[in-house]
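Asks: Listed below are the residues making up each chain.
2 protein chains.
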Amino acid sequence: MARKTGSHSEITGPLVREAAERLFARHGYAAVSMRQIAGEVGVQAGALYNYTPDKQSLLYDMMSTHMQSLLQSWSDADPGGTPMDRLQAFTRHHIHFHLQRPDAVFIAYMELRNLEAQNFARIEVQRKAYEMVLENILQDGQGAGAFHVGDVKLAGMAVIAMLTGVTTWFRDDGRLSVEEIANHYWDMVRKAVGA
Amino acid sequence: MARKTGSHSEITGPLVREAAERLFARHGYAAVSMRQIAGEVGVQAGALYNYTPDKQSLLYDMMSTHMQSLLQSWSDADPGGTPMDRLQAFTRHHIHFHLQRPDAVFIAYMELRNLEAQNFARIEVQRKAYEMVLENILQDGQGAGAFHVGDVKLAGMAVIAMLTGVTTWFRDDGRLSVEEIANHYWDMVRKAVGA
DNA sequence: GTCTATAACGCGATAGAC
DNA sequence: GTCTATCGCGTTATAGAC
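Chains as they are written, first to last, in our numbering: chain A, 246 to 440; chain B, 246 to 440.
Treat identical chains as interchangeable: a pair holds within one or across any two.
Subject to a maximum C-alpha distance of 16 Å in a straight line, what follows is the list of computed EDC-like cross-link-like pairs (lysine to aspartate or glutamate): (1) K436 to D396; (2) K300 to E263; (3) K398 to E380; (4) K398 to D432; (5) K398 to E425; (6) K398 to D385.
Simulated from the structure, these hints should not be mistaken for laboratory data.
Fair warning: this is a prediction, and the values are worked out from it, not measured in the lab.
Taking the hints into account, I'd like the entire structure generated from these sequences.
Replies: Quick look at the structure:
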C-alpha cells in the first residue's frame, strides 16, 4: 500500500478522509496521530496538510458530512402519508442508514466532546434537526390518536437511542439479517408508542 | 485546593480516582494527561504514581469497579417474583443507578476502546453478565406467556440501549424528575415487550 | 508522600527542496 | 504533491532529594 516518492494522486484526499474515519472510529480522535493517518494512506505526515488545514477539520468535516447525509437520506426516503407509515419508514431508514456506515455513526456519537466549541455548536444544530424529524412524527400521530405516548419528546429520545443501539452489537455475520433486525425493531417501536 | 509541599494525605488516593473519573468523562481518556489529573488534586504529576501503577490502571480500575457496583446493586434490588415484577424493578433500577453516576456511566460506554486487550476482555465479561440479567428475565417472561417479543436477545439489547440513552440528555434541572422519567420509560418498556 | 528534574519519546504543524 | 527535516511543546513514567 505504500506509495513511492513523486507519485501523484488525485484521490489522496478521499483516502485521507477514509483512513481518518477508520482510525478515529477504532481508536478515538485523541488517540490517533497525524502520522498514523499518513501511514495508512502511504504518505508522510506533512503531506496530509495538502488536504486538511488541521486535524480538527478532519473530524468536523466528517461529522458534518455524515449528519448532512443522514438528513438528506431521510428527506429522500420520507414517504409522507400517515404518522404510522412515516414512523415505520423512519425506523427502517434509521437502522439501514446506520448499519451501512458504522464508523461514521460511531464517530458522530463518541467524538462530540473533541469538537471545538464552534464546531460542536454546528453539529448540535444538525443533530437537533434529526431529532425533530422523529418528534414531529410522534407529535402528529399523538394528535391524530394513532399513537399513545406519555411524553412525545421523551418517547423520541427513547426510540432513537433504541434504534441507534443496534450499531453497538450488529455483526455482518451475525444471527439475524439487517432486514430481520429492522422488522423486530419496528415491532417494538410500534408497540412502545402505543400504535 | 492546591496543597502545600510536605502536607500529607490519607485521602489522596480517592481524590486521584475522583479527579480522573471527572476528567476522563469530560474530555476522554486519551485527551487527559497525568499532569491535568495531578493539577485537579493539587499535587505534581509524579506523586500520582504512589496511587496507581500507570494511567491505564486508573481507567481499568474505575470501569471494573463501576460494573461490579452495577451488578451488586441490581443483585440487592432484585425483588424476585414474576418476570413482570422483575422487569419493572430492572427498568427502574437501571435508570436510577445510571442517572446517579453519569461520569462513570459515560466512561463505561465510551472508553472501551482505550482499554488494553486483556482489560477489555475482563470488562466485557462483566458487561455480558449484566446483559444476561435482563435476557433471563425476558426469557422467563416469554416462556410464561407474560411477554411477547420476537427475539429475546434482540429485545434485551433494545431495552438496555433505550434505558441507557437517558444519560445522554438528562439534566438535573430538566423538565421531568427522575421518577417521572422512570415511569414513562417503564410504560414504554412494558409495551415494547408486549406485556 | 510529595517534590523537582529528567529521560525518552511522540505530538501537530510548518519550511523549503525536488 | 510529496518529501525530509525541524520547531516547540507535551507526553508517561522514573530517580532521588527532602
